[in-house]
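Kindly produce the complete structure, drawing on both the sequences and the hints.
2 protein chains.
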Amino acid sequence: MTSSKPPAPRRRSEATRAAILEAARERFAADGYERATIRAIAKDAGIDPSMVMRYYGNKEGLFAAAVAIDLMLPDPASLAREDVGRALVTHFLAQWEENDVLTALLRVGATNEAGAERMQGVFREQVLPLARRFCPDPEQVPARAALVSSQLLGLALTRYVLRFPPAVELDTEEAVAWLAPTVQRYLTAPYPG
Amino acid sequence: MTSSKPPAPRRRSEATRAAILEAARERFAADGYERATIRAIAKDAGIDPSMVMRYYGNKEGLFAAAVAIDLMLPDPASLAREDVGRALVTHFLAQWEENDVLTALLRVGATNEAGAERMQGVFREQVLPLARRFCPDPEQVPARAALVSSQLLGLALTRYVLRFPPAVELDTEEAVAWLAPTVQRYLTAPYPG
DNA sequence: GTCTATAATTCGATAGAC
DNA sequence: GTCTATCGAATTATAGAC
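Heads up: the protein sequence lines correspond to chains A and B, in order.
The numbers in UniProt numbering rise by one with no breaks, and the one at position 48 of the first sequence is 48.
The numbers in UniProt numbering rise by one with no breaks, and the one at position 19 of the second sequence is 19.
Warning: the hint list may mix true and false statements.
Treat identical chains as interchangeable: a pair holds within one or across any two.
Said to hold, decoys possible - In the EDC-like style, the derived pairs of lysine to aspartate or glutamate whose C-alpha atoms are separated by at most 20 Å in a straight line are:
#1 K59 / D31
#2 K59 / E97
#3 K59 / D48
#4 K59 / E34
#5 K43 / E82
#6 K43 / E26
#7 K59 / E26
#8 K59 / D44
#9 K59 / D75
#10 K43 / E173
#11 K43 / E22
#12 K43 / E14
#13 K43 / E60
#14 K43 / D31
#15 K59 / D100
#16 K59 / E22
Calculated from the structure, these hints are not laboratory results.
Right under this line is the structure:
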């Protein structure tokens, strides 16, 4: 009873699950929800389509799992007030280049209700608290967070989704130099009315 | 030979064509390319699906026709340098609320290559020339135009597509007050390096 | 745990009657 | 000019063998 613990009861399931998730992220990021078929994802992962169903139930479950990992959020406490803008833009761009989850989320969110709701969740749980930390008037917090999101997501849209050539060719330092003052202003400047 | 000209040789074709286009714009704007089915569009227009094929050949042709109308562009000559930003944001928001074409274009552009290319066309033919008019250094024109697009499309994305509540609730004057200085800076200010 | 086979829909597109 | 009927392809999802 004490000695024999078989090496691992589940044969290759963990590796298979991971391969499916990685392929799913790539496909969702490249094609959006509808055109990222379970068949294509399974083919990329080198397994049978029915395995996808077995592990994730249905296509919605697969998408939810594929975009479930935590991302972003430089912790608000570590940021000095005078360069929130720069820190935020830098961190945002780095996250975006690092993996496909954000692109998948944005592309799917444009045509799929579940995707849009997940994006709203990220906004609510990550951007709102950060704005709350730096904005004086609590009543202005949601609007300011939305403005920050509009600029950050707008750059991601033109750069990674629509691929406007000048937006693609912009190097990281240029993008940060231009956007940081904008984000800084949205978060900390008085209302420009 | 001279007297009898039948009221109209083509019975109702013109009205039918228009009804199809309007329904198509609404569906593409609401659902994106894949989920906006020809069947659903035909039903909205109150005609048979085969009529859509007869008039527009195939689904791609229908989409091209639905987003073919000219939009935007406040003519560059009429704008004073010191308030390009305000004028541009105001005009952009008005166009966006006025009809479904821009939302359709954005939603489709996120998952469909033809849609993305059409958006690039709008950028190239409408935003680039405008930036060329106000930017000193010709070499910086494309980047500045891309930055302007990123902010304007980013607001449209969060407001009309992803529907972040604070972005939706922003009224026009607030949006203009916040975004105008950003756009103004992207177009006319020196590079903030 | 993995795959084969297939059911059940749904969609774009075509042919042809009226 | 409009509609009926239908084809052929592709998709999600299931049942069951190994």
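**OP:** Give me the numbers of the hints this structure contradicts, sorted from smallest to largest.
**Re:** Hints 2, 5, 9 and 10 are the ones this structure does not satisfy, whereas the remaining hints hold.
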